[in-house]
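Top line first, the protein sequences correspond to chains A and B. The first sequence maps to residues 107 to 524 in our numbering. The second sequence maps to residues 780 to 1779 in our numbering.
By construction, these hints were calculated from the structure, which means they are not laboratory data. Do not rely on the hints blindly, as some may be mistaken.
To be verified - As a list, the in silico SDA-like pairs of lysine to any residue whose alpha-carbon atoms are at most 25 Å apart:
no., chain 1, residue 1, chain 2, residue 2
1, B, K947, A, T329
2, A, K515, B, R1486
3, B, K1665, B, R1435
4, A, K118, B, K1146
5, A, K395, B, M1470
6, A, K159, B, I893
7, A, K395, B, K947
8, B, K1146, B, G1174
9, A, K136, B, R1486
10, A, K395, B, E924
11, A, K395, B, K1516
12, A, K159, A, R204
13, A, K118, B, F905
14, A, K395, B, H1039
15, A, K395, B, E1504
16, B, K1254, B, D1292
17, B, K1516, A, A138
18, A, K515, A, H421
19, B, K1516, A, H421
20, B, K1666, B, G1649
21, B, K947, B, R928
22, A, K353, A, A138
23, A, K515, B, K1654
24, A, K395, B, G1649
25, A, K331, B, L991
26, B, K947, A, K171
27, B, K1210, A, W442
28, A, K515, B, G1174
29, B, K947, A, S432
30, A, K171, B, T1165
31, B, K1516, A, K171
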Amino acid sequence: MTHYSALSLVAKAFSGHRSWSRAWRDPVPKPAYDIVIVGGGGHGLATAYYLAKEHGLRNVAVIEKGWLGGGNTGRNTTIVRSNYMMPGNTMFYERSLRLWEQLSQDLNFNQMVSQRGQFNLCHSPASLDAARRRGNVMRANGIDAELFSREEVMRRLPYLDYSDDARFPIIGSLFQPRAGTVRHDAVAWGYARGADALGVDIIQQCEVTGFILERGAVVGVETSKGPIRAKKVGTAVSGHTGYLAAKVGLRLPLETHVLQAFVTEPLRPMIDSVISYAAAHFYISQSDKGDLVLGGDLDGYNTYAQRGGLPLVEHTFASAKALIPSISRLRLMRQWGGVMDMTMDGSPIICKSPVDGFYINGGWCYGGFKATPASGYCFAWTLAKDEPHPDNAEFTLDRFRNGYQIDEKGMGPTPNAH
Amino acid sequence: MTMQPNRLAVGGRIDRGTTFSIRFNDRDIVAHPGDTLASALLANGVKIVGRSFKYHRPRGVFSAGVEEPNALVQLREGARTEPNSRATTVEAYPGLVARSQSGWPSVDTDLGAIVGAFARFMPAGFYYKTFIGPFRNTRWWMFCEHFIRRAAGTGIAPAAPDPDTYEKVNAFCDVLVVGAGPAGLSAALAAARAGARVILAEQDRDLGGSLLDQTVGDTWLRATVDEVASLPNVRILTRTTTFGAFDGDVYGLVERAWDHVDVPPPHQPRQRYWVVRARSAVMATGAIERPLVFGGNDLPGVMSASALRAYLNRYGVLCGRKIVLFTANDSVYATAGELARAGAAVTIVDMRSDLPEELRSRTAAAKVDVLAGFAVVNTHGGKAVTAVTVAAVSGREGGTKGPVRRIDCDVVGVSGGFTPTLHLWSQRGRKPRFDTDKLAFLPDGSIPTLVCAGACAGADTITDAVSSGFAAGAKAAAAADFVGDAGALAPPKLADDGWQRGAMLISAVRAPDGEIPAKSFFDLQHDVKSTDIELAHREGYVSVEHLKRYTTNGMATDQGKTSNVNALARLAELRGSPIPAVGTTTFRPPYTPVAFGAIVGHEIGRHFRPTRLSPIHGWHAARGAAFIDAGSWSRPRYYPVSPGEDVQAGYIREARHVRAAVGLVDVSPLGKIAVQGPDAAEFLDRVYTNMFSTLKVGRLRYGVMLRDDGFVFDDGTTARLSETEFFMSTTTVNAGKVMARLEFLLQTAWSDLKVQVTSVSDQWATIAVAGPKSRTLLQATCGAADLSAQALPNMAFACAAIDGVPVRIHRMSYSGELAFEVYIPARYGHSAWAELMRVGEPFGVAPYGTEAMGALRIEKGHVAGGELDGRTTLKDLALERFASTKKSFAGCVLRKRPVLEDPTRPSLVGLMTIDKTVSIKAGSLLFPATGDIAGHGDGHVTSTTFSPTLGGHIALGLLARGPARLGETIRCVDFLGGTTVNCVVTAPCFVDPEGVRQNA
């Protein structure tokens, strides 16, 4: 693996950049591995990376039906944060943010971790109270959080609508300084390159069509490139977790929904932070290239199609203009959809399944991208040790049976409400 | 005309009789009606219009349409400014002001171009390999990023709210025809003649598509347009882009109704957003000319060959005097003849060596030189092209051999073939197929309700476009069940070379040394070069999606309309695979960028969401109430008695008054649901945790509902009006959710129950009358009814009248005082309130708002939003006594899950500050009196108030093992506010726990 640095870039510039090597190999799958990870997105690749790095397990393959990072890793709005208040979530997401902070160095691949801060705007005394509770839990757990007054928000985000005409007045904001954005494609590529360098086989254009079962246990996968045996199989296939689990006879408490995201034409710097508009479930930031990146709510119907409809476009844009009136003349450049596993409490599942040899990492709802490093870290731990890491101890399937709901929004068992 | 050096004296579709001035980069430019900004700039000899994104290279107008990668301008000024406008689609109007978006000090002399000297250190994705920083835990990247962000971006967002208005239309039609070129016009005609209601949407100002860029075919165009326009079942929308195709045959369109003026006329929208639900549609979206890639192909003066034809024939602009047309297909030959006739010296450089004799003789007659079997290898010139180097084509695709020749020129027109515009098709979730005959991606398979026609379906001549359009129109009409006779349509008579015959597709021209010249650009806006694609391939980014993301090819504002196919041809070459194996990226809406304002329409400011107002709102406003948003409602928070009274003083005064005398609070926003039918009692037994079938007619009962997962959902009081009719009230915030849940249960789980539920929230105004004098007041107001404690005990209701209007009086208390809720038909709510105030004057009646109402309920320990947060159980809220053991109810099974039964769960308690002068913040965490404060604590504070009765600050909270900890001192820690308040744990009810007052 060629080390990436300004020096190597300059050195190779003089030979026309002809001596760069592949970022990751394109291997022919071996007949058997210790562990096969299904899904070459951020979570699957991170899992493979940490299996090799933290647990010395290098006889590992990641199998991807399309191209790396083509699922939700490449479809999200790139926001990272750790403002979670429910036990079970708080420290998991904080682990993730701490891993993000080190990731460019760890992977020797610039992840463009940009800690620009995130505002969660409050519009009523009740929402301010809820924000205070969240912020207090964060601070009590050593996570940065601040509660801003309306005046402070006005000073920092002067372009929001503070007029009497605003439908939902901004009365304050929870703010996490360490939150921000990360270059999403680089996450997949960086983990792929890191895992590959440690010996992991990354196999693209290889679809898992079924599982090899012996005496009720999963001992491998059937793929479009033939059978591949494995001692353990882990899935990290956002949006299709339920579909894959059904192939081993598991019915998971998940629904698949589509969530759209949008970017505008590029602009000179306008929005410096991540802003969440709680009154309308809307969030916006600006990429380094200058595009405004925005997202809203689920379309609300079950689908595997990675495209949504106009009602949510209208909702999202109306939210944008209500929050930032001067956005009106800017133009949408591209919109797309990603499909996500929505769980019954809005929190994920990382656990050993009831089927031996089969491990589940899914149910990420909206929140999968920010979780990528911790998800990989904890899933690798679970796969390697056959027991959860303390940070994913609560992300079990069993919690739906015993009532340990990790419901950040208090919306209850409605998968499209989280 | 001296001011317009490139404007011809005759020809074009502009109005030379009218001349006006526009401003570009502070320079006056002469224009005519019919011009675009780009055509006016070209007519005036403006070469450099912008600078490229990465290397700040000078760029001129490339195209004449929506695919423009270079000529992006900042249009208009002030609040109406808009970035990234394509000069090629901006219609010129008097007073237009536009600026280049980059270049300092000017676009002509840009010091930023120094970046070009470092280009070799900035290959594709260089930022992934650098700026990582030598040490951990530094903000090195963010330091670098600061400068990258400042260097990136293009246009500038407006700083002020948009002064213009927009509107939205929902429309329906049998056949939507997208595009009004020869194919679209023919399709609209066929569908309309068959009887279908047709919407014909064209992005251009005029109908005609490619025919507008030609001099022949006008007779056919006029006749066809006249007939289409004359049909009553056709609606023609010009300046209207169909930007997206969605599932369910829904299309999104934006009509730039008044975008071609500076300020729209009064009451006219700038743009109009159409949501069209079409039974079927014809996609006649044409094709976009593909550039050829060669050294220096980005210099101003290098243009799309079809654009040269459009500027000549539509705008009367001859872009150059010495023109080289570089091609590998037949389409430029007609253009060459027209340019030569207009006075240019034209040389065709055609990569094909065996040209048909007919083409050769035509060019000879037109005095056009042809270099067959040659390719342009490089351009020359600093800020505009002055010459090209050509060499003979040799061997492998795109290869050349020496010797090279130099040809002086001022414009190079390029045509590498055409790319059908498949965006709408692809947006429906279909993958296009690469057709190796037509050398283009074409629609694959069929969508029954979307028929492709004309160039986008592979028709490469106008004759074919007309026939395929006409057939498609008939087919789409038939798909919408219109099978009337459409007759026939003859195509226009014109010489038509098409672009398919003998065409070749090459990714990039190689110099005789075998190399692709360094400055061969694929994506003109993002400065993606062949070396970038090679590097991506070398590093394994070999999927088309990886290529796009790693090199940013196709990610600019033009979304790869001119760059995608060449880049993936180059990738295919590098991979050694055919183009079909490499595939293409997915097209996403919108086809061209769409302004937010258009989609938002009137849902702005106050109208972003509806505001719900109580029937009594007018009274509150007249009284000077301070309002607060509560969900979608605007409610009186308190009624200041003097301008300076703040909310704290106000609510304390109001709450005191209620406890001392009598107050009125408007609780009309409560949800109200009529539950009717023979099984109504049984139904309520199932949805409430407690029993309702035993409730006597004339009585009220408090009820709690659980969600299916056993957590508390909502609470409220329900009255039994008769054996078969109940009147349910819900919390304000859950009114809609409860209604939806009841409907859901009746329609799915218990469809056998004979029950009808009806939301009557808006039918009733509700006034709570509370305080020791409340009975006196009500009795005085509705004299006839007996409201005595014997006749109307707590949790019973009586019928009465206020001013002759029948009302229902529920005796129940939220405040803990003797209290009533009066239900009045909504339209009489205001007058009833006024009457209560009038009658109550001698008793000292006063209105109170939500803040005092909250204070009173906290004193009384009633749960509300802070406690009903969707994560609490009956036990948590001390409501376990409402769980019937005699029946089952929704949620009764899952509420028994072990974690929900855990005795250590945080449960409802009261909290009283030890120091009465200090307040507690809701959202503070609870910790024992000693020990570390870390983790999630023992619980949190849910609601707080100053208690006027106790004269100190109190709160409700959820505390682990709470009921067992009464009397314990605990710490309420607000980390964010930096405060720790010591409190005593109490029972949740602070005032009159025996209920003496409310039962008086």
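Hint numbers not upheld by this structure, sorted from lowest to highest: 1, 3, 4, 5, 6, 7, 8, 9, 11, 14, 15, 16, 17, 21, 24, 25, 26, 28, 30, 31
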